[in-house]
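Student: Here's the letter readout for the chains.
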Amino acid sequence: MKLQPKALALVVSSLFISGAVIAQTATPAEKKDEKKTTELGTISVTGEGDKLGAGNIIQEEGTKARSTVTRAAIDKQRATANPFQLLEALPGVNTYSQDGTGLFGGNIRVRGFNGDQMGLTVNGAPVNDSGNFAVFPQEYVDKANLCEVFITQGSADNEAPHVGATGGNIGIMSCDPTDKAGAHAEQTVGQLHMSNTFVRYNSGLYNGFKAYLSYSHTEADKFKGPGGAQKDHFDFSSRYDLGKGSWLKFTALYNKAINNNFRSLCRADIAVYGRDADFNNIYTPDPAGVNGTAQGTGMTPATGCGAANQVPAYYQLSLNPFKNAVVTAGGYFALTPTLRLDVEPYYWYGFGTGGTQQTRLSEGVGLRGAGLQDINGDGDTRDIVTVYRASVTDTNRPGVTTKLNWQFDNHRIIAGYWFERARHKQTGPADRVASNGTSENIWLDDDKQLLKRADGTIFEGRDWLTVSTADSFFLSDTISLLNDKLSIVPGIKTPRIKRDFTNNPNEGSLNFSAATTAANLATCVSCLPYRVQRTYTTTSPSLGVRYSISDSNQIFANVSKGSRVPSNFIYSSTGATSIVNGAVVVTDVVKQETSVNMDAGFRYLSDIFTGSVTAFNTQFKNRIASAFDTVNQRTVDNNVGDATLRGLEMEAGTRPFNGFSAYASFTYTKSNIKSDLRLGSATVPIIYPLAGKEFPDTPKRLAAVNLQYASGPFLASLNNKYTGKHFTTLVNDDSNSGRFVSDLSLGYRAPNGDFFSNITLRFNVSNVFDHKYLSLSSGSGTGFTNNASPFVSGTTTVAAQTPFFFVGAPRFSSISISADF
Amino acid sequence: MDFLYRFRQFLSGPPALIVMFLIVTMPLTKVMERFIPKELFEQPIDLSEPPPPPPPKVEVPKEQVEKVEAVVPQPPADVITKDSVVLDVKPAPPEPPRAIETPREAPVEAAPKVDINAIQGSYERIIRGYLESIKRYPTSREARSQRPTGKVGLWLEVTREGMLKDAGIAKTSDSIILDNAALASVRQGKFPSFPPVAYVGEASHRFTVTLEYNLEAQN
Chain A
1 MKLQPKALAL
11 VVSSLFISGA
21 VIAQTATPAE
31 KKDEKKTTEL
41 GTISVTGEGD
51 KLGAGNIIQE
61 EGTKARSTVT
71 RAAIDKQRAT
81 ANPFQLLEAL
91 PGVNTYSQDG
101 TGLFGGNIRV
111 RGFNGDQMGL
121 TVNGAPVNDS
131 GNFAVFPQEY
141 VDKANLCEVF
151 ITQGSADNEA
161 PHVGATGGNI
171 GIMSCDPTDK
181 AGAHAEQTVG
191 QLHMSNTFVR
201 YNSGLYNGFK
211 AYLSYSHTEA
221 DKFKGPGGAQ
231 KDHFDFSSRY
241 DLGKGSWLKF
251 TALYNKAINN
261 NFRSLCRADI
271 AVYGRDADFN
281 NIYTPDPAGV
291 NGTAQGTGMT
301 PATGCGAANQ
311 VPAYYQLSLN
321 PFKNAVVTAG
331 GYFALTPTLR
341 LDVEPYYWYG
351 FGTGGTQQTR
361 LSEGVGLRGA
371 GLQDINGDGD
381 TRDIVTVYRA
391 SVTDTNRPGV
401 TTKLNWQFDN
411 HRIIAGYWFE
421 RARHKQTGPA
431 DRVASNGTSE
441 NIWLDDDKQL
451 LKRADGTIFE
461 GRDWLTVSTA
471 DSFFLSDTIS
481 LLNDKLSIVP
491 GIKTPRIKRD
501 FTNNPNEGSL
511 NFSAATTAAN
521 LATCVSCLPY
531 RVQRTYTTTS
541 PSLGVRYSIS
551 DSNQIFANVS
561 KGSRVPSNFI
571 YSSTGATSIV
581 NGAVVVTDVV
591 KQETSVNMDA
601 GFRYLSDIFT
611 GSVTAFNTQF
621 KNRIASAFDT
631 VNQRTVDNNV
641 GDATLRGLEM
651 EAGTRPFNGF
661 SAYASFTYTK
671 SNIKSDLRLG
681 SATVPIIYPL
691 AGKEFPDTPK
701 RLAAVNLQYA
711 SGPFLASLNN
721 KYTGKHFTTL
731 VNDDSNSGRF
741 VSDLSLGYRA
751 PNGDFFSNIT
761 LRFNVSNVFD
771 HKYLSLSSGS
781 GTGFTNNASP
791 FVSGTTTVAA
801 QTPFFFVGAP
811 RFSSISISAD
821 F
Chain B
1 MDFLYRFRQF
11 LSGPPALIVM
21 FLIVTMPLTK
31 VMERFIPKEL
41 FEQPIDLSEP
51 PPPPPPKVEV
61 PKEQVEKVEA
71 VVPQPPADVI
81 TKDSVVLDVK
91 PAPPEPPRAI
101 ETPREAPVEA
111 APKVDINAIQ
121 GSYERIIRGY
131 LESIKRYPTS
141 REARSQRPTG
151 KVGLWLEVTR
161 EGMLKDAGIA
171 KTSDSIILDN
181 AALASVRQGK
191 FPSFPPVAYV
201 GEASHRFTVT
211 LEYNLEAQN
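The listed protein sequences derive, respectively, from chains A and B. Residue 1 is where the first sequence starts when you use our numbering, and the numbers rise one by one after that. Residue 1 is where the second sequence starts when you use our numbering, and the numbers rise one by one after that.
Treat the hints as calculated values from the structure; they're not laboratory data. We put the beta carbon where it would ideally sit given N, CA and C, even for glycine. There's no promise every hint is true.
Computed spacing ranges between beta-carbons, pair by pair [said to hold, decoys possible]:
1. B:Arg6 x A:Ala271: 25 to 31 Å
2. A:Leu213 x B:Arg6: 34 to 40 Å
3. B:Thr208 x A:Phe769: 52 to 58 Å
4. A:Ile815 x B:Asp166: 29 to 35 Å
5. B:Gly129 x A:Leu339: 32 to 38 Å
6. A:Pro751 x B:Lys171: 23 to 29 Å
7. B:Asp166 x A:Ser606: 48 to 54 Å
8. B:Asp2 x A:Arg534: 49 to 55 Å
9. B:Thr208 x A:Phe756: 51 to 57 Å
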């Protein structure tokens, strides 16, 4: 009894203790039956954006060299910037734009490959000119809607729809519509009367559907010479989520631009007339017509390079009006969680003209008997009259890419088929010029106004229809081994293109340089109707490997084959054609250009710093280089034989540290043409000494350093690009010195107002130090001049073909304000 | 030396630019700081910091300990001397509230000084931190053009030695690209071995994690 309470206490306490014990002893038994899973929570994975290299680099994991510019970097540039300017800092990129705004386009070379040797896609649709693969990205997109631009240097992606890509590919992607509804407006003003107005309305997400519509209008004057640029652009993008990983997409971009051209100058022009020499701002009208006598016969302006008394064309007769519509759609269907079907149709419409339209035509000369009509209306057909005549391009290019994406075990297979049919009509009509030097028909699309021959048919300097039907099967397998440490990607594609070229009789170069005499008609290729059909096929295998040594270190290597067919110019009268026994014969001298590209590289990815180093080696076979022969008015495509490109590309980007972040890239390229070029005839060959020479416009050194400081609402960035010295002719007898150009961007984000939010003020200055430089003009096509100075080959003295340059854009400032509401 | 002279323009440019850049931006930001409210200057997000630790699991034991103490009665003063009372009826030393589970092998022994849940929690934090450091939004052409977003529910089974035994998708994001990227990011992982007291009795332990993929906000 005495111990009862104590005992009770002990018993009770022991109960509790043993209760706990029971619970605990039960646990091991439970453990055997049920596996305890520990929930680690949610980890949020976001693209790096501005948090790495100021938006100029992302942490790559692929098997090939690739560089990306994200929205964060794109945002800091001027509103009118064209895609070449956005890519400027990336390794391997040698680019220039004709002016600071970017409205006039420019040129790009990557690892020595010209823009027309690279495949360019906008939202997945190929936008290289279907005839000669030239690219004009400023004509397709509005920078305000761009979210990403990437380059794969040296090798095109296996599933990319290209037939003219030996040098890799460039992709431009528009932004997707936002989930939140709202409007965004931006106004930019700058020097040279530059003004850009942009508005966009986002519908927001509603029942799985979202879309945006935007419009922009831009104008600016040229920095040298009279005239300017005008651009109107509409964008529509929509996305409909079908749920369960399937969705539909539709995008339409429409651009209409009318630009006055910049005049490219040769060195002698600059020496005599200065860097500001451009097209004429005065128009000297033709003398009034008088019935019965010939007017205008003595008016032949001097236009040669550096010529005294040079009379350049009138600026209103050197225009670049162009309309483009790029429509892409896509159906992405998740058939099972591991199998997806993508169907991506696209359509590209382009219409316009370029170059200098001012020229003189002789009445009464031409085909169909009496030839060209009475242009000046004086009642006779004896005069030589100034006309507005251009090469008009009309392209309709529908296509579709279908692919299956299948994941099984450690294989990820992409298999598909791409098909497109490009209908490319190229004509060369002419129209009158008013006494003030303008043409009422600058698009040359009003058939009633166009100049006709005596029998009523339209007079044409060229009349070609090229139907290029291209297709390709592609297959690649991403094999993941060693716990995803090793990734092996073999791939194969079979691009094929069938060219169907029809020439309708046209005057060609007759009337310009020669009269329609019987002798001339006998050699006039364009005067005859003919049709050429050629099919080019290649099989392009590729193999890529990536091994992750650790989380931070990767090595990768890849080898792939690319190909590019010659431009359709070779079938034309300006190409490799001649008349044999009254019929046109195409001398199939120009072969497909093929390249074998090898990359090997190392990447370092860490929290503070991401960088990569890539060594590349590209072997070209039958590299195509085209040159415009001003004497015979021919663009001649040549296979300049074999060539090699070797070099090193490095890029690195840092994470922000106390607000500072940086991106830098460096490229070293060694190009080498292996053999001499043999032109002329069999009996009188002309040997151009190209062996051992470097490719023109391929500098040995390129470097870029982008510095950024961001703190709260304030952001400053300074982008610097160094382009090294490069040769300008195939024989390397003329060179252009290097240039160092800096662009500054200052931004300030104002506090949100009641109605407006995201208010951003931005100040951009390009070419801060007003560095004076020249950029080699290659025109469209891989056009190079062969030699700047005459030289002797055998018994022939080969005349000089002077290289032409665009004057580097001087300093240009603009300020913009944008807001959401 | 010739190298330095030949590339003088190239070599002198960048350092000069950096200095000029600093000279221009530093005073400007000092001025800005003075006029602009501090709230607008966001703190830079330091991704190297691990996420805040989950609150330590404090389960039932607190009440248990109190109950034990409460139940232990005061010794009746008349039966035993004060001293002996203190000695005999001394309750078990109160367990610190943090200690929750005693080792299962020795249930009646004194509560262990180590805190299992805290150790397991810190191991989980390490794994989480590790996944945070290697996470990447996929970079293939398809990924960048289709820009998928979504949540991938992953499970991974890690052995005591820290080897990844297996991993798989618990809940798909409906995107092959994201599912793959998520699996790839854990498969390459090198995990630390379990602390001896963590997940006792298990040769391997299963974890689940959700990876939520997004691209940066588009204006």
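Student: In ascending order, which of the hints set out earlier in this document are inconsistent with the structure?
Tutor: 2, 4, 6, 7, 9
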